[in-house]
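Respectively, the protein sequence lines represent chains G and L. Whatever position you read off the first sequence (first residue = 1), add 9 for our numbering. Whatever position you read off the second sequence (first residue = 1), add 5 for our numbering.
What the hints contain is simulated information worked out from the structure, not anything from laboratory work. Heads up, the beta-carbon is just placed ideally off N, CA and C, and yes, glycines get one too. Be a bit skeptical, because a hint or two may be false.
Computed from the model, here is a short list of chain G residues facing chain L with C-beta under 8 Å [as the list claims (entries may be wrong)]:
id : residue
1  : F14
2  : S16
3  : E17
4  : F23
5  : V24
6  : T27
7  : I28
8  : S38
9  : W43
10 : L123
11 : W126
12 : G152
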Amino acid sequence: MRNPFRSEADAFRFVWVTIGYFALIVVASLINEWLGVAVFIVLTGVVIWWLFHSAERETPVKQAPAASPADEHRILVVANETVGGPELRSEIQERAGGRRTRVLVVCPALNSPLRHWASDEDDARHAAQERLDRSLESMRAAGIDAEGQIGDGDPLQAIEDAIRTFRPDELIISTHPPGRSHWLERGVVDGARERYEIRLTHVVVDLDADADH
Amino acid sequence: MTSAAEAHEHHGPPPIHYSSRVSPSVLGMYLFIASEIMLFGSFFTVYFFDRVVNNGVNGVWPPPPYHRPVYVAAINTLILVTSSASMHWADTSAKKGNRAGMKAGLVLTVCLGFTFLFTQVIEYHRLGFNTSDTSFAATFFGLTGLHGAHVFVGLTILLCMTIRAFRGHFSPEHHHGIEIGGIYWHFVDVMWIVVFVTVYLL
Chain G
10 MRNPFRSEAD AFRFVWVTIG YFALIVVASL INEWLGVAVF IVLTGVVIWW LFHSAERETP
70 VKQAPAASPA DEHRILVVAN ETVGGPELRS EIQERAGGRR TRVLVVCPAL NSPLRHWASD
130 EDDARHAAQE RLDRSLESMR AAGIDAEGQI GDGDPLQAIE DAIRTFRPDE LIISTHPPGR
190 SHWLERGVVD GARERYEIRL THVVVDLDAD ADH
Chain L
6 MTSAAEAHEH HGPPPIHYSS RVSPSVLGMY LFIASEIMLF GSFFTVYFFD RVVNNGVNGV
66 WPPPPYHRPV YVAAINTLIL VTSSASMHWA DTSAKKGNRA GMKAGLVLTV CLGFTFLFTQ
126 VIEYHRLGFN TSDTSFAATF FGLTGLHGAH VFVGLTILLC MTIRAFRGHF SPEHHHGIEI
186 GGIYWHFVDV MWIVVFVTVY LL
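Chain G on its own, in the form it takes in the complex (with noise of 0.2 Å):
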């Protein structure tokens, strides 16, 4: 939703919406008072449409997360179930190029919203947890030494969230092919390419293609 105290010319033009919008309720209450009453529910409606659907036309503000160290690489991995994919792993190598590269892996505890809201997270996080454990497990064996971490259940949060406390380079996102894929429905890489002053690369990983090989 926007604010539309955002800033003061937001503001100074809330003034005169107020005032369009009550002017319209009185005049069609000095008509009659039932009018009123429509003419009050309907404004009502289009304000409170116009305040939920004005925030999808604004371009978040971009990010620059802060420097990482200057002696190390450091690479943030945002993956759900093709948290193990081997093209993810392939991806990660290359990206380390032989440097001192430090990996952080976090998975999202995605969740139902009706969950969410009645803050019932705990098999979400136990399942992203298992995933986590499995991948890291993989990611050791293939030669890269991984850190892991579960993040919230909205993945540009989770993303958001270790850019403060990682402070990586570079941003790596697993997705599923497209039309497979939820995240890229949600435009979740658009939505990190948006916020963040950060290089990010995209990773198709094809679970069933990979399963077939």
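Guided by the hints, dock chain L onto chain G, whose structure is given.
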């Protein structure tokens, strides 16, 4: 789970967390305005409750022999809306580096704010009823008085902004003081429009 051992690397206070993508001072103003909306909301609830109960008894609002000074309040509304425009002029001038416009806008806003308060005090004197007379009188003074107190606070902020402007503060790059004060002043204006329509007109 292996946690990232960052705590050992960083000394001093942690970096400011901007995850809401709003600066802390603006966020503070949002929270303040949210609390104000709740405060006004409680006063409006009392007013509407009183109105519904008393309207049911005699079908007339306000209950006789009271009447609301609609014309004086309408002129006061005009004064306050004009002050919002002058506040916007001051803020826009500050952003453009027009110091004369910024000062003139602030002085005009302060003058209009004082005129509003002065007119309201005169209105109170000539109303012919007092806070202890009936529930209508109590809620009327409660709502308009609460708003008047906010205008007084807004005027104090505006005076500080004006003094700072005349002492050479604020520039196109640094005008946060005017921005925040302006948001508050417009909020006071919006609340008056709600009070005017609900208490005086409807």
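Now the hints, each set against the structure:
| no. | hint | in the structure |
| --- | --- | --- |
| 1 | F14 | 5 Å, holds |
| 2 | S16 | 6 Å, holds |
| 3 | E17 | 4 Å, holds |
| 4 | F23 | 6 Å, holds |
| 5 | V24 | 5 Å, holds |
| 6 | T27 | 5 Å, holds |
| 7 | I28 | 6 Å, holds |
| 8 | S38 | 6 Å, holds |
| 9 | W43 | 14 Å, violated |
| 10 | L123 | 24 Å, violated |
| 11 | W126 | 19 Å, violated |
| 12 | G152 | 17 Å, violated |
The structure does not agree with the numbered hints 9, 10, 11 and 12 stated previously, though it agrees with the rest.
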